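Protein chains: 2
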Amino acid sequence: MSDQHQGLVFSCPAPVANSGIIRLGHGSGGKMTTNLIERVFLPLIGNDILNLLDDSALVTVQGTTLAITTDSYVVSPIFFPGGDIGSLAVHGTINDLAMRGAKPLYLSASFILEEGLSIEDLTRVTASVRQACLDAKVQLVAADTKVVNRGAADKLFITTSGIGIIETSLAPAANRAQVGDCILVSGDIGRHGIAVMSCREGLDLETAILSDSFPLNDIVQAILTNTSSVHCFRDITRGGLASVLNELASASKVGIEVEEEAIPVHPEVRGVCELLGLDPLYVACEGRLVAIVAPGDADLTLSIMKKQLGAEGSAMIGRIVSDHPGRVILRSRVGGNRILDKLSGEQLPRIC
Amino acid sequence: MSDQHQGLVFSCPAPVANSGIIRLGHGSGGKMTTNLIERVFLPLIGNDILNLLDDSALVTVQGTTLAITTDSYVVSPIFFPGGDIGSLAVHGTINDLAMRGAKPLYLSASFILEEGLSIEDLTRVTASVRQACLDAKVQLVAADTKVVNRGAADKLFITTSGIGIIETSLAPAANRAQVGDCILVSGDIGRHGIAVMSCREGLDLETAILSDSFPLNDIVQAILTNTSSVHCFRDITRGGLASVLNELASASKVGIEVEEEAIPVHPEVRGVCELLGLDPLYVACEGRLVAIVAPGDADLTLSIMKKQLGAEGSAMIGRIVSDHPGRVILRSRVGGNRILDKLSGEQLPRIC
Numbered sequence: 009m010s011d012q013h014q015g016l017v018f019s020c021p022a023p024v025a026n027s028g029i030i031r032l033g034h035g036s037g038g039k040m041t042t043n044l045i046e047r048v049f050l051p052l053i054g055n056d057i058l059n060l061l062d063d064s065a066l067v068t069v070q071g072t073t074l075a076i077t078t079d080s081y082v083v084s085p086i087f088f089p090g091g092d093i094g095s096l097a098v099h100g101t102i103n104d105l106a107m108r109g110a111k112p113l114y115l116s117a118s119f120i121l122e123e124g125l126s127i128e129d130l131t132r133v134t135a136s137v138r139q140a141c142l143d144a145k146v147q148l149v150a151a152d153t154k155v156v157n158r159g160a161a162d163k164l165f166i167t168t169s170g171i172g173i174i175e176t177s178l179a180p181a182a183n184r185a186q187v188g189d190c191i192l193v194s195g196d197i198g199r200h201g202i203a204v205m206s207c208r209e210g211l212d213l214e215t216a217i218l219s220d221s222f223p224l225n226d227i228v229q230a231i232l233t234n235t236s237s238v239h240c241f242r243d244i245t246r247g248g249l250a251s252v253l254n255e256l257a258s259a260s261k262v263g264i265e266v267e268e269e270a271i272p273v274h275p276e277v278r279g280v281c282e283l284l285g286l287d288p289l290y291v292a293c294e295g296r297l298v299a300i301v302a303p304g305d306a307d308l309t310l311s312i313m314k315k316q317l318g319a320e321g322s323a324m325i326g327r328i329v330s331d332h333p334g335r336v337i338l339r340s341r342v343g344g345n346r347i348l349d350k351l352s353g354e355q356l357p358r359i360c
Numbered sequence: 009m010s011d012q013h014q015g016l017v018f019s020c021p022a023p024v025a026n027s028g029i030i031r032l033g034h035g036s037g038g039k040m041t042t043n044l045i046e047r048v049f050l051p052l053i054g055n056d057i058l059n060l061l062d063d064s065a066l067v068t069v070q071g072t073t074l075a076i077t078t079d080s081y082v083v084s085p086i087f088f089p090g091g092d093i094g095s096l097a098v099h100g101t102i103n104d105l106a107m108r109g110a111k112p113l114y115l116s117a118s119f120i121l122e123e124g125l126s127i128e129d130l131t132r133v134t135a136s137v138r139q140a141c142l143d144a145k146v147q148l149v150a151a152d153t154k155v156v157n158r159g160a161a162d163k164l165f166i167t168t169s170g171i172g173i174i175e176t177s178l179a180p181a182a183n184r185a186q187v188g189d190c191i192l193v194s195g196d197i198g199r200h201g202i203a204v205m206s207c208r209e210g211l212d213l214e215t216a217i218l219s220d221s222f223p224l225n226d227i228v229q230a231i232l233t234n235t236s237s238v239h240c241f242r243d244i245t246r247g248g249l250a251s252v253l254n255e256l257a258s259a260s261k262v263g264i265e266v267e268e269e270a271i272p273v274h275p276e277v278r279g280v281c282e283l284l285g286l287d288p289l290y291v292a293c294e295g296r297l298v299a300i301v302a303p304g305d306a307d308l309t310l311s312i313m314k315k316q317l318g319a320e321g322s323a324m325i326g327r328i329v330s331d332h333p334g335r336v337i338l339r340s341r342v343g344g345n346r347i348l349d350k351l352s353g354e355q356l357p358r359i360c
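Taken in order, these protein sequences are the chains called A and B. When you read off a place in the first sequence, starting at 1, and then add 8, the result is the number in this note's numbering. When you read off a place in the second sequence, starting at 1, and then add 8, the result is the number in this note's numbering.
Bear in mind the hints are in silico, worked out from the structure with no lab data behind them. Fair warning: this is a prediction, and the values are worked out from it, not measured in the lab. Please note that a few of the clues may not be correct.
In this list, chains with the same sequence are indistinguishable; a pair is considered to hold if it fits within one copy or across any two.
In the SDA-like style, the derived pairs of lysine to any residue whose C-alpha atoms are separated by at most 25 Å in a straight line are [as the list claims (entries may be wrong)]:
{"hint": "1", "residue 1": "39", "residue 2": "163"}
{"hint": "2", "residue 1": "145", "residue 2": "173"}
{"hint": "3", "residue 1": "39", "residue 2": "135"}
{"hint": "4", "residue 1": "350", "residue 2": "308"}
{"hint": "5", "residue 1": "111", "residue 2": "52"}
{"hint": "6", "residue 1": "315", "residue 2": "273"}
{"hint": "7", "residue 1": "314", "residue 2": "304"}
{"hint": "8", "residue 1": "39", "residue 2": "235"}
{"hint": "9", "residue 1": "145", "residue 2": "48"}
{"hint": "10", "residue 1": "261", "residue 2": "208"}
{"hint": "11", "residue 1": "111", "residue 2": "261"}
{"hint": "12", "residue 1": "163", "residue 2": "89"}
{"hint": "13", "residue 1": "163", "residue 2": "208"}
{"hint": "14", "residue 1": "39", "residue 2": "128"}
Please work from the sequences and hints to get the whole structure.
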């Protein structure tokens, strides 16, 4: 396997600040993405709602609070162990709605197809969209298809948008973490990134790692129905657990401390990460969430999570602290502490 | 100019049925698009709402009727006379909401960026998104950005989705045209397609034709507020006026007759079309609509339309008839009739 490792070609450029052109790192979910959002997008299209940079936007229409979200999916390859771009596009948007406590209601999907894509592949992806919608009990009500000439896209991109309804008064949001709160994660991290990466780079793993791509709405509804003090939810996607924790620390202006030993990582994910020089804390999931809850409700929330399909491996991994607001500290296995910073550039491009 | 004409390279392939791969014609809005929708998409993801194939989907949430729509924009080049991909993406989605009588409320935008795109171009497009939202009085509340490697996209694609609220009881829909109704168009047709085409193919026109890209929501609201018998609205986009009329004839199961002489076409659009061998009836607009209204309200509707910004050139162009249901007949200048069929393939790829 070390030979194969040497044969890998990484296309992640070193981040070059202010070079005036878009680089892969601008799509990483890390510092370069933040930079692009803060320097280009928010000054022009920012407003009170968009500026929150939450997983979905909350708006009120005729007295009803709705969540709205959108995401484009450009994963390469479009089929990977445990899923494909179709199921991923549905799960991702459902999860962004669920993170605000919304019950997903309706989705739209827009397809950009490259001339030359096989209709068989398109059919397979569309069937996967269908199944993911059925599984998550949402209805796809609007769609669009565009075709671009050969070489102007890479096979197939899907953009899904969704609306959901807020029926809870708990209002989880990225800026509501409080000192003393416990941090829970809904399962082992990094499977999605490693599944896509292994497939793309042709790693011949003894046991295939499957993507964790999964709709989180039932897990969220179970927590909201049975507990009363969830402060934040966030699904772990681009940039992995470390990036999500940084976003929460920053939005809530609190410090975060997590125990390395408590963070569940599948041994094979850990193995591939070691092989490739990746840190699993920065590898994307597509079916895991972080929940931040008041300490008195933490054990109850954890036991509820463990009973849910897709969250059986939930664990408590850390605490919100008053020290070092905006920073995430990892207490390592060997006793030391290290700062978990946002990545500058891109560890694994086109993972979602 | 005939030399330049000979130098044009058209990338539209002849449609090949059942070849098993996606061709540019599948994105034309014509017969191949219909084929793809009916054979691949609807059997898998179809449902009572999606099957209507209307400009936007109507759903009811807590007693409020909402319109939902989505569209991807892949126009090439991204800047063209009279607009760019940013304003186009906002106008297109607003127009799809307006066509169901909805007042547009909130938009989302998802950007797919090609590595190497200049941040200056991205900034210019984003500023254009901002201005188009301000002009149309809608708020952009959700956004996403993905970056793909060089050669995996063509500069910049934008997918916009929108929700609007239905405050009218008139319920215009593609299947509500009735025999005897009058057909109105909100201005001269084909400018958008010719503006993009001229720019892309480097035509040196004496006077630049500007795109008609424009938000139609105020025009629609003026009609809905002041008249009582609009049956259908449809914005004229891919496939042009002829395709839109075919869609309406098919959805309402009625015949359509239009007078060639009554259809407004700018002389320069006509000239470029003659030069390039295009039929202006099949060239896309992005700021024109067809309204189908009861005969007793036709003159009033026309006079209201003519007072609206962007619809000063409105005209009555034809009638709904009981003969030849599903078919559109053009009564030509010279007295003959011809069937205006849907195009098989693609006349102008990547026009929106």
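Checked hints:
1. 39 - 163: Cα proximity of residue 39 and residue 163: across copies only (22 Å, versus 29 Å in one copy).
2. 145 - 173: both (14 Å within a copy, 24 Å between copies)
3. 39 - 135: between (36 Å within a copy, 23 Å between copies)
4. 350 - 308: neither (31 Å within a copy, 61 Å between copies)
5. 111 - 52: For residue 111 and residue 52, only the inter-copy Cα distance (24 Å) is at most 25 Å; the intra-copy one is 31 Å.
6. 315 - 273: Close inside one copy (19 Å), not across copies (65 Å); limit 25 Å.
7. 314 - 304: within (17 Å within a copy, 66 Å between copies)
8. 39 - 235: neither (34 Å within a copy, 54 Å between copies)
9. 145 - 48: Only across copies: residue 145 and residue 48 sit 21 Å apart there, 37 Å inside one copy, limit 25 Å.
10. 261 - 208: neither (38 Å within a copy, 49 Å between copies)
11. 111 - 261: The answer is neither: 28 Å in one copy and 38 Å across copies each exceed 25 Å.
12. 163 - 89: Answer is within; shortest intra-copy Cα gap is 18 Å, inter-copy 30 Å.
13. 163 - 208: both (15 Å within a copy, 24 Å between copies)
14. 39 - 128: Result: close only across copies, 20 Å inter versus 39 Å intra.
Hint compliance for this structure: hints 4, 8, 10 and 11 are broken, all remaining hints hold.
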